[in-house]
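Peer 1: Below are the chains, spelled out letter by letter.
There are 2 protein chains.
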Amino acid sequence: MASSLQDTLVTYEELAELELEFDDVETEIIRHQVQLTQPLYEKRHKIVAQIPNFWPLVLEQAPPDIDEYIQPSDSALLLACLTSLSVSHFEIENGAKGDPRSVAIKWEFSENEYFEDRVLEKKFWYRRAEDGWAGLVSEPVDIKWKKDKDLTGGLLSMVKRVWDEDQALEKAGKGGAKAKDKELTPQQKELKKKIEETGLGGLSFFAWFGFRGQRISAEESRLAIEKEQKQRKLRLEGKKVEPSEDDADDDDDDDDELDGLEIFPEGDTLAVTIAEDLWPGAIKYFTQAQEQDALSDLEFESDMELDLEELEEDGDEAPPSKKRKAGGE
Amino acid sequence: MASSLQDTLVTYEELAELELEFDDVETEIIRHQVQLTQPLYEKRHKIVAQIPNFWPLVLEQAPPDIDEYIQPSDSALLLACLTSLSVSHFEIENGAKGDPRSVAIKWEFSENEYFEDRVLEKKFWYRRAEDGWAGLVSEPVDIKWKKDKDLTGGLLSMVKRVWDEDQALEKAGKGGAKAKDKELTPQQKELKKKIEETGLGGLSFFAWFGFRGQRISAEESRLAIEKEQKQRKLRLEGKKVEPSEDDADDDDDDDDELDGLEIFPEGDTLAVTIAEDLWPGAIKYFTQAQEQDALSDLEFESDMELDLEELEEDGDEAPPSKKRKAGGE
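So the protein lines, in turn, are chains A and B.
Take the first sequence: its position 138, counting from 1, is numbered 138 in full-length UniProt numbering, and each next residue is one higher.
Take the second sequence: its position 247, counting from 1, is numbered 247 in full-length UniProt numbering, and each next residue is one higher.
Hints listed in this document are in silico derivations from the structure and should not be mistaken for laboratory results.
Be a bit skeptical, because a hint or two may be false.
[Said to hold, decoys possible] Calculated pairs, DSSO-like style, for lysine-lysine (alpha carbon to alpha carbon, straight line, at most 27 Å): (1) B:K46 / A:K233; (2) B:K123 / B:K97; (3) B:K284 / A:K240; (4) B:K284 / A:K233; (5) B:K230 / A:K43.
[Said to hold, decoys possible] Stretch-level coverage of chain A by chain B, calculated; a stretch enters the list once three of its residues show a Cβ under 8 Å from a Cβ in chain B: (6) 24 to 31; (7) 277 to 285.
[What the hints assert, rightly or not] One side only, chain B facing chain A, incomplete, derived with CB under 7 Å: (8) L15; (9) F22; (10) Q33; (11) L40; (12) I47; (13) Q50.
Given the structure is predicted, the values throughout are model-derived calculations rather than measurements.
Beta carbons: idealized from backbone N, C-alpha and C, even for Gly.
Taking the hints into account, I'd like the entire structure generated from these sequences.
Peer 2: Following this line, the structure appears as structure tokens:
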């Protein structure tokens, strides 16, 4: 099909600028949405806390984009001890002016045979690189596995050690992961080998806690945003702007994948799917689980007319007055 | 996995009520979003109107959910004469208080060898049925095909005739499509036979204009919403409510599909994908098309520094000052 931009008076910059304006508005909408839904998510949290296995059941019905990463042994763990899941937009909490696209995903567990942790929280920061790339970056979260219970076979801890080493090198001014033409350290070589040996098929869902993504510090992101805004302003005033590095080469995006040091290459996409699909759709997935599980004989306690205000105070109970079959959506 | 709602004090109604509250907030967010993005879509409209083949190129890069319905002959038609595509939330335009989820998708064409129409607009109304189902319904839009050019092979016109007959029957108080245990009319039988013969594979994209969806009148929807709100209010006040028909049996949703009278069963889903993916992502898809088409030698007119204000007035031009390769996103 004939291409066309060359025959027109519209520039690439003009389209890119328009996209940035859409981006600004979208960000504001997310901010607004987070504010409006916050009280509802709190109410939901109180209600579902009373339902045993709510989150394991939700995860059992998770859409394929999530389900594909959950191995049978992960399912068994989750069913045994996952008590709560929550998503927060931590950079805009309590009136803070951060990016509403940054998310934290918090998993809570009861005492269990697998690990010592009661809470595992993974944060994703929305950052912009100097080359124009923008997206979510994270830090490895280690898990204190009990003896012989590590579902990642030591991989996650190794990722954490390499990360710590990286941070130390960076602090010492040795460039860390950002250094060009860098030699891999012995630890990095070991990790790379282990990842290659493991492969990604059959990898535990818990390896996701090791996702790092691109190395973009808060400071680098701040400078990149500042620079971009300056250029946009100049362009809007009709001034000439040196072509920036906006046209990021996609190949740069996954340095770490190419390095073979990323334990869970799709970690950011998975985080977005959890935050934008599983989290808002939890009741829908739970209802589906109920239907599937017990099409024939499951009955709900129904029409209890719990006063919601009362519930919010103390989760008080009223006696069930009648029963009814689990209905469809 | 063990089901759990039966062991708790949480009721099905409580979860359903919470979902309705989320629904209310979501609707408000869409309303807000439509308002905020409106000026940007207008600006985009003016810019892309200057780019030949903008919309055919966008459609060429459409995501699989859309692309799967576009046959090669549809592509040829679109490339030959599609000049504009637009999505509007017509029930909330000019401050109207309708449902922001209702959408109209408007296609504009230059004079062409295929049909007489210059504009084809398909509207989707967000409605609620008495049984609790909610979603998009539509009406067939006929196309004035030129001789031997009908890509639907007469199917679309047949759908329109059955629709008209249906409306007439309903007006005459004969129940139309809603009548229970109804006999198919001769026209309906003919349509059903034709759809069976045609099958859905290879069906023209333009058959989508014939999608009808569930038969829910504006009045039925209004009453259903009213009834539901009354029940919600009672429940919130802690009063007993007769179980409503909220648990709509999914099988009821596609009466027409079962009847074999729906020409394009996925028509509502396709409309949503166009409105929520193709429409907001048009520049992204266009840029992809540019990259694919002309990786090697395409050059953009660049750095023209068109003043955007000026552009909005009259699309005035400035001479290109330099060129630059088509960059990435």
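Peer 1: Against this structure, judge whether each hint is valid.
Peer 2: Now the hints, each set against the structure:
no. : hint            : in the structure
1   : B:K46 / A:K233  : 21 Å, holds
2   : B:K123 / B:K97  : 17 Å, holds
3   : B:K284 / A:K240 : 24 Å, holds
4   : B:K284 / A:K233 : 22 Å, holds
5   : B:K230 / A:K43  : 22 Å, holds
6   : 24 to 31        : holds (count 3)
7   : 277 to 285      : holds (count 3)
8   : L15             : 5 Å, holds
9   : F22             : 6 Å, holds
10  : Q33             : 5 Å, holds
11  : L40             : 6 Å, holds
12  : I47             : 6 Å, holds
13  : Q50             : 5 Å, holds
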